[in-house]
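Using the sequences and the hints, build the whole thing.
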Amino acid sequence: MFSGFMASTWEVASIVAVVAGVIGFFVVLRGAAFVADAVPQGAFTGAAAASLLGFNTLLGLAVASLAGALGISWLGRRGRRDVATALVLVVMLGLGALFLSFSSEYAPEIYSLLFGEVLGVSATEIAPVGILGGLCVVATLILFRPLLLSSLMPELAEARGVRSSRMELVFLIVLALATSMTLPVTGALLIFSLMIGPPAAARSVTSRPLPAMLLSVLAALIVVWLSIAAAYQTNWPVGFFVGSLGAVCYAVGRIWAAVRSRRSVRAAEPTAGGPGSDALAANVRV
Amino acid sequence: MTHLLHLIIEPGFFGNAPVRSALVAGGLVAVVSGIVGSFAVLRGQSYAGHALADISVAGGSASFLAGVSPLWGFAGVGVLAAGVMDMIGVQRPRGRDLATGIVRGAGLGLGALFLYFDTTHTSTTGATITILFGSLFTISSSLIPVIALFSVLALGTVLVLYRPLLLSSAAAELAAARGISVRLIGAACLIAIALTVSLSALTIGAILSTALLIGPAATGLRLTSRPGLAMVWAALIGLAATWLGVLLAYDSYYWPPGRHGWPVSFFVVTLILVFYLLSPRPVRRVPG
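Protein sequences, first through last, are from chains A and B.
Taking the working numbering, the leading residue of the first sequence gets 1, the next gets one more, and so forth.
Taking the working numbering, the leading residue of the second sequence gets 1001, the next gets one more, and so forth.
Any given hint might turn out to be false.
Output of the computed footprint for chain B on chain A, the stretches with three or more beta carbons under 8 Å from beta carbons of chain B [claimed, not checked]: (1) 32-39; (2) 194-205; (3) 245-252.
I should point out that these hints are in silico values taken from the structure, not numbers from a laboratory.
Quick caveat: nothing in here was measured; it's all calculated off a predicted structure.
The beta carbon of each residue, even a glycine, is placed where N, CA and C say it ideally should be.
What follows is the structure in structure tokens.
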């Protein structure tokens, strides 16, 4: 399991988990699960187009996920957000179907793009994934405070000169970049499991922003490591393990929150409102 | 005149059996999706609708494995997932998308597993593509009565519950005050959505299922502020996009790169987007 050809898999997957943990924290905070789901799925089109035109898959993924993110932001300004997301997603997938019909790509190739192929990561993929991932994490950390503020208290953020629409766009772009690097590893359909399961659990455990983010990274790492080990042992698709463990994370978070709120009621504490966004907002020093 | 007509509608369009099945089944699904989808959009459950379509793919792949008709797999898993979503709080606005996403992730993971078993045990690699992307042209005409049955079931649910459903979607507190069980109505609506999308995911693929559920409904709701009329618009727009899409896909056989038509889902989705973009932005009326 730890032999030579698996080494790059472990490295790439760990990078993916760290990025997903950091960005996922904001995905959960902003309630942007649908977008986090739609951008990777739409990016699949880019891979199909790249294979048709003979480009690098990573480039195709990056272009397509950026186009998807910008499309959602543009359409979202002229209508409802969830409708805009759904429409951009189906249009991207429709284009993907078109490209697929033009190319003679073998079906398992598509299957692995959709559901992930962790065991086939080559050493040459480490550098681009590492650079893109580092870029995403650094961008998120630089923008940590304004992003946090505009996610939790948009009015206050506006008053302090943080434009919500601009933050939204930045967030979408970072999400798109993160997507394009994680997609070949976890597959288009299940990256977002990693982006919402562990952060959701982390937020239930602590309401302080930085510890929550660190915890989310840690949980994502554990989920990814366990998934790879299990996929290696059983030869089952890694997406199955990521999806299930993501759900387990969420369930643990919910149970934790429920137990804690019951305990705090028993102790007759003033109702703090649980580890919701209000409690989190209270912990943000502005 | 005939020449022009032939240029638009290739000869043999209506005589072609797959085309006829596509027109009938696609039309049926488009109308039901338009009406049920209006509720999904009104209630802010676009994501749930999309997720249910994807999850029913898991059921589809499971039924391939079990050897039962995919229809029961799609519908069964769709309804089951709707139940789980309802249980863990898809009806509440806060954390709704998160709960939907978790269910979708777990459901798709299972789907991946079943597909993996399918492909290793029966070596039907094409199943992945068929299930995900579907095709209007591969509907067998024997499926049409079953599609009609499920359509009536989903449509019947929302039409019987029309008034309480509308009230609880627009003003939940008011509905509750009038003695309407908002919770129960919401669950029924979610199950109707699940039936609709699992049906359409089976017949036209998961992409088109979401497109037909959300696109026409959102367009209809922008065209008029009267919900009933918006649903009629949604059904008409869905129908128009589907039929035009089938026509264009049939014509595209002679387009580059040749030898096979362009996918019908591409045309339908593009048409739906065009309709949405053409619809006017709703004017918010200032009270008083």
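Comparing the hints with the structure gives:
no. : hint    : in the structure
1   : 32-39   : holds (count 5)
2   : 194-205 : holds (count 3)
3   : 245-252 : holds (count 3)
In terms of the numbered hints stated before, the structure departs from none.
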